[in-house]
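Colleague: Sequence:
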Amino acid sequence: MSQTQRKLWRGQGGIHLPEHKQISTQLPSGRLPLPAHFIIPLLQHSGDKPDIAVQVGEYVYKGQPLAIAHTNQSLPVHAPTSGTITAIEPRTVPHPSGLQDMCVVLAADGKDDWGSMRLPQYPDYPSIEAATLRAQIKLAGVVGMGGAVFPSAVKLNVRPNKPIQTLLINGAECEPYITCDDLLMREKAEEIVAGVQVMLHIVQPQECLIGIEDNKPEAIVAMQAAVAATQDQRIQVVPIPTVYPSGSAKQLTYILTGKEVPNQGRSSDIGVLCNNVGTAHAIYQAIVKGEPSLTRYVTVTGNAISQPQNFEVLFGTPLEHVLQHAGGITQADAQVSMGGPMMPLPLPNPQTPIVKATNCLLVRQPEPVLPAQACIRCGRCSEVCPSSLLPQQLYWFAKGKEFDKAEQHHLFACIECACCAYVCPSHIPLVNYYRYAKDEIRAQRANKKAADQARERHEFRLERQERLKREKAEKLAKHKANVQQQSADTPADDPKKAAIQAALERAKAKKAAAQAQEGNA
1 MSQTQRKLWR GQGGIHLPEH KQISTQLPSG RLPLPAHFII PLLQHSGDKP DIAVQVGEYV
61 YKGQPLAIAH TNQSLPVHAP TSGTITAIEP RTVPHPSGLQ DMCVVLAADG KDDWGSMRLP
121 QYPDYPSIEA ATLRAQIKLA GVVGMGGAVF PSAVKLNVRP NKPIQTLLIN GAECEPYITC
181 DDLLMREKAE EIVAGVQVML HIVQPQECLI GIEDNKPEAI VAMQAAVAAT QDQRIQVVPI
241 PTVYPSGSAK QLTYILTGKE VPNQGRSSDI GVLCNNVGTA HAIYQAIVKG EPSLTRYVTV
301 TGNAISQPQN FEVLFGTPLE HVLQHAGGIT QADAQVSMGG PMMPLPLPNP QTPIVKATNC
361 LLVRQPEPVL PAQACIRCGR CSEVCPSSLL PQQLYWFAKG KEFDKAEQHH LFACIECACC
421 AYVCPSHIPL VNYYRYAKDE IRAQRANKKA ADQARERHEF RLERQERLKR EKAEKLAKHK
481 ANVQQQSADT PADDPKKAAI QAALERAKAK KAAAQAQEGN A
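Counting from 1, one number per residue, gives the positions in the sequence shown under full-length UniProt numbering.
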């Protein structure tokens, strides 16, 4: 498709933020030397945890599966390099509460030896069945690199009754400071477009739109050139206005197509499938190069890091190793978080590993936290909400623990972009209340489900006991009826039986007489 001007739709709400993106785009991306050890979490995707396939002391090759998927919603995890497994134990992982999860600890041997662990290569993928390509994408552990980390093979398995008309490739990258997708598009445009073509072959849509915010001119030019080189008329690069949070999948879908994703629904319900540019690149590596998902671009930036830059980082690399090769932290009181300033995830432990969801390491001096004041009902939060919600009302419901009402007001349509909190003159941490309410509702649902299952088990046990009692009673009744029937069927004047009965009676009488004589004596 030619790169002509395309109609865009203006989404609801959104804000213009200081970008701070130029901090980390002054240098090309860098590669890190291998760390001494890797900490590889088993669960780096949204879904079921895979089963461990290695043992402590075992030698593994680069790309070797450390854990095997056992369900459709599970994915394998691979060794980022060759070396020896030194531990399989809970370690701190990126989590809002700093929780631990099961990890495989790998001591690198420095050889980076693949052995025979590469996957099959399909440079001629147009001749390969879609199911085969999806299976390889699953074996490679590819997830959505935009943050949701949903298994890509599942996402690409289009429902027969929900055909896809439009494939969206998300290169918006709207949050301040983060530039990993920008650098990836500048440096790997041809590989991204090749990954897009793999997805086109699998999904078979009518068109593909690559949305990039217009504050990334170098990335736009690189992607346009890569698309032009393919002469694929289905693909179009579409610059969009720079407004936060245009990079959210629902917002980008509306901006590029004018279609609204239904609440509690998916974009595929309206014939649209959205994937990140990083996902497209990972699919290219899995299909064309036969490499599992082992790395991603990570932005290291902020006002307290010596050399802001983007790095291609192996999953499982400890946080401190990345920061050291970015020149180190320059301020003693600096805080490190994963993600951008609007939706940060604190990372206080320097041994926290880089995972598939890690797009940015933001290193900044802590900003003063202003005390929350009473809501003045100014309505600014409603004006900027990109999901057309009533943030103020949701706040009152969450604070008052009226979770049913919060859900009725579409709490789960909130994408937690924090636009409302950013403009709140009372400095109320609104998103914290929404997350709290969501967690409580999920906990209530889980408790109800557990209670329902327990009740069903109890009712089943009672029903089984009653059934056994009925069956026993029926069996006894049947046996008694058979005995009575046999007695009824026996003729009373049977000579043989009568003689036997008479003999018994005589013996009984004789015995009684003998006992009487003994008593008289």
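Watch out, some of these pointers could steer you wrong.
What the hints assert, rightly or not - Here are the computed distance ranges between Cβ atoms for each label pair:
id: 1; residue 1: Pro18; residue 2: Arg159; range: 38 to 44 Å
id: 2; residue 1: Leu462; residue 2: Glu58; range: 46 to 52 Å
id: 3; residue 1: Arg461; residue 2: Ala131; range: 55 to 61 Å
id: 4; residue 1: Glu58; residue 2: Asp101; range: 18 to 24 Å
id: 5; residue 1: Leu99; residue 2: Arg6; range: 50 to 56 Å
id: 6; residue 1: Leu462; residue 2: Glu407; range: 17 to 23 Å
id: 7; residue 1: Gln73; residue 2: Arg6; range: 33 to 39 Å
id: 8; residue 1: Gln73; residue 2: Gln373; range: 41 to 47 Å
id: 9; residue 1: Pro425; residue 2: Leu99; range: 43 to 49 Å
Hints are computed from structural coordinates only; laboratory data are not their basis.
Where a beta carbon is used, it is the ideal one built from N, C-alpha and C, also for glycine.
Colleague: Give me the numbers of the hints this structure contradicts, sorted from smallest to largest.
Modeller: The structure breaks hints 3, 5, 6, 9; every other hint is satisfied.
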